[in-house]
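Please model the entire structure based on the sequences and the hints provided.
Chains as they are written, first to last, in our numbering: chain A, 12 to 207; chain B, 21 to 608.
Mixed in with the good hints, there may be bad ones.
What the hints assert, rightly or not - Listed below are the simulated DSS-like cross-link pairs for lysine-lysine, each with C-alpha atoms no more than 30 angstroms apart in a straight line: (1) Lys-48/B - Lys-170/A; (2) Lys-334/B - Lys-600/B; (3) Lys-334/B - Lys-232/B; (4) Lys-480/B - Lys-556/B; (5) Lys-480/B - Lys-334/B; (6) Lys-480/B - Lys-600/B; (7) Lys-334/B - Lys-30/A; (8) Lys-30/A - Lys-173/A; (9) Lys-48/B - Lys-30/A.
Stated by the list, open to error - Which bits of chain B does chain A cover? Going by a derived footprint, with three or more residues having C-beta under 8 angstroms, they are: (10) 71-84; (11) 284-296; (12) 438-449.
These are computed hints drawn from the structure, not numbers from a lab.
All figures in this text were calculated on a predicted structure; none of them were measured in a lab.
All C-beta atoms, glycine included, are put in the ideal place defined by N, C-alpha and C.
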Amino acid sequence: MEIPYTVAIRRDTGLTNGKIGIWLFLASEVMLFGALFASYILIRTGAPSWPRGDTMLNVPLATVNTIVLISSSVTMVMAWASLMRGRFETFRIYMGLTILCGLAFLVIKYFEYSAHFHEGALPSTNNFLAIYFTLTGLHGLHVMGGMAVNAYFWGPGAKLWKTNPTWFTNRVENAGLFWHFVDLVWIFLFPTLYLL
Amino acid sequence: MSDPGTVAAHPSHAAHEAHHEELGFWRKYVFSTDHKVIGIQYAVTGLLFLLFGFSLMMLMRWNLAYPGAAIPWLGAILGDSRMPGGTMLPEFYNELGAMHGTIMVFLGVVPLAVGGFGNFVLPLQIGAPDMAFPRINMLSYWCLFLGGITMLASFVIPAGGAAQSGWTSYVPLSDIAGSGQTWWLVGMIFLITSSLLGALNFITTTIQLRAKGLTFMRFPFFVWAQFVTAFLLLLAFPPLEAAGVMQLMDRVAGTSFFLPSGLVVSGQALTNAGGGNPLLWQHLFWFLAHPEVYVLILPAMGIVAEIIANNTRKPLWGYRSMVYSLVFLGFMSFIVWAHHMFMTGMGTAMAAFFQTTTMIISIPSVVILTSLMISLWGASMRFNTPMLFALAFLPMFGIGGLTGLPLGLNITDIPLHDTYYVIAHFHYVVAPGTIFGLMAGIYYWYPKATGRRMNETLGKIHFTGSLICMNIIFMPMFIMGLAGVSRRLADGGASYDFAQPVLHWNVWSSWGAWTLGLFQLPFIFNFFWSIWNGEKVGENPWEATTIEWSAPSPPPHGNFIGAPEAYRGPYEYSVPGAPKDFWPQFEA
Chain A
12 MEIPYTVAIR RDTGLTNGKI GIWLFLASEV MLFGALFASY ILIRTGAPSW
62 PRGDTMLNVP LATVNTIVLI SSSVTMVMAW ASLMRGRFET FRIYMGLTIL
112 CGLAFLVIKY FEYSAHFHEG ALPSTNNFLA IYFTLTGLHG LHVMGGMAVN
162 AYFWGPGAKL WKTNPTWFTN RVENAGLFWH FVDLVWIFLF PTLYLL
Chain B
21 MSDPGTVAAH PSHAAHEAHH EELGFWRKYV FSTDHKVIGI QYAVTGLLFL
71 LFGFSLMMLM RWNLAYPGAA IPWLGAILGD SRMPGGTMLP EFYNELGAMH
121 GTIMVFLGVV PLAVGGFGNF VLPLQIGAPD MAFPRINMLS YWCLFLGGIT
171 MLASFVIPAG GAAQSGWTSY VPLSDIAGSG QTWWLVGMIF LITSSLLGAL
221 NFITTTIQLR AKGLTFMRFP FFVWAQFVTA FLLLLAFPPL EAAGVMQLMD
271 RVAGTSFFLP SGLVVSGQAL TNAGGGNPLL WQHLFWFLAH PEVYVLILPA
321 MGIVAEIIAN NTRKPLWGYR SMVYSLVFLG FMSFIVWAHH MFMTGMGTAM
371 AAFFQTTTMI ISIPSVVILT SLMISLWGAS MRFNTPMLFA LAFLPMFGIG
421 GLTGLPLGLN ITDIPLHDTY YVIAHFHYVV APGTIFGLMA GIYYWYPKAT
471 GRRMNETLGK IHFTGSLICM NIIFMPMFIM GLAGVSRRLA DGGASYDFAQ
521 PVLHWNVWSS WGAWTLGLFQ LPFIFNFFWS IWNGEKVGEN PWEATTIEWS
571 APSPPPHGNF IGAPEAYRGP YEYSVPGAPK DFWPQFEA
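Right under this line is the structure:
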């Protein structure tokens, strides 16, 4: 049995089911990260002293990571735009680049983390590091989740292109919305943790 | 497929979808994506957890009525770490208390009210063939299942047993508690994920899969209730997930989010870094848990509204004002949470804000309840079992709601907060309130799910016994609470002199609880017996007007024969000049 408005747009709402679903999901994600940011503010304002981010963390590496992640959002849009123009092979290239950017982000993050661990800077050391590891760790999990979804559409999920290109394009668009959200969270995380 | 009926009517036509038609046992009944099967899975899981959570309470009530008295055979079953020689250890009492609250709220009422009724009834009432995301729906159930298993497993883990820090898991107590608390947190993360997936599915389904002609103001009140509830779940649960992650970090990675500097436990200074804030947990917890109160009550209100309209044979009085109240209530429920925290000494400015919003949020609840009461005016009612439960809901929820007003005001909350008064208040809302609403719903939609009606005599025995017992359990708690008896004591207050004059009420409450347990037996028997032996019924046994009653009982895969359409509002009963006393929404 097919569910109505999976592929076609419902006329009075102007939306497909997936589009509403992903925006609702993002709304809940905003509440999740919003609660963590609120906690950050509460703990920081209640602390007698708070280290500047750049004295504890590696700003140059994080800057590179910011550029990597923003680039991945651009390639994600290009991947979707390629599908809109019916160019499946270009989609494959851009989607592949998006996944590689995600991978590069995680590798750089791994070097950052292991450097902290070597210096003995652990989540238990102080509350700055605690919130740093919690926020970036949760963000890292979101990057992995986004990469898994993107990898699916790059690989086995791409079969749908042959049978139902509209549906496939919509699904890539929704995956893209999630990927941009993950990117956006980092845009907030970077100045909050590293620069302020 | 635009016409959901064609698959059922012409199996050959749907040959390319054969995987839906010839499902094996596992895909049809266990890993099903059909909203009706998932709804029943949710409902049965919820009912089982309600029974389990209630059993924990029946055990606790023994120690409250007869503190220190031994039950040797029970001690032999539960072991020396819980009841040595049959005498309950306070630590075990704390486990039971924490898990009773957690299970009743997150694994009992919510799965039944939202997962069960929402999944089964909502798509049928809006004329949809299924939920918008059937596989996410299945995932949502199995997340709940894993969460439930995790919670249950925490009772039998070797070290320490289940969580002991109350269903609120207040820090720093829970940060330094035994390993059961870690299991609790992992279980909660599963349950939160389940709610989240369910909520976005409900909202999308309601917006997108409405039948033709079913505008928002033609929704049955139940659909509105589920719709608002889904928004509460979607937006209120993530902050608790954040808080849960932070508490998990505190416990596993040694962070100090909730541990202040210089904390001394059992005469020993903790070696953690410190600098955390225990109030942060309370804020994040109640930011969820206040909307959660409405998650518990709104679906029940929806069910009661359906049943009252059906059995008074009249339109609901003030349908529009009820809907606006519901939406307003949903918004307001996000800015009242700190009225649970007056005891933290938040200062008069904050307290004034939160008591004002709390008083404001009582207005829409009163509007809804009053509209339901006025709906009864001048009706010639049918007193069947669902209607009896729905009618009992009104005064029971009324008592719960009105006794909540003193708790919403700072000055009266402070003396009452840690007493049995609070227990009595919210149990009146949730137990004879919400659970009666849910029971009404089970009796009402059972014919739709099975094609047979539940036995009326057994239903009336179940109803009468439950109503009397509920009041015997909870009314004494108001008396004890006003006398100042603390709600957190394993001995029910026996160690305090001032509590002596009211202690005998503990015995009343306990016997009430055990008798209530007995009165559930007719229901359990009826529930299973009627599957095979209940009176057979057609599609519309209650002569109701909403769309779910146009589908066959039980509805086939895809629900409807032909695409349903809505031609008018949901409650066109006793329309002057009409041939029958009901004019269904789905009849042209």
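Would you pick out the hints that fail for this structure and give their numbers low to high? Violated: hints 7, 10, 12.
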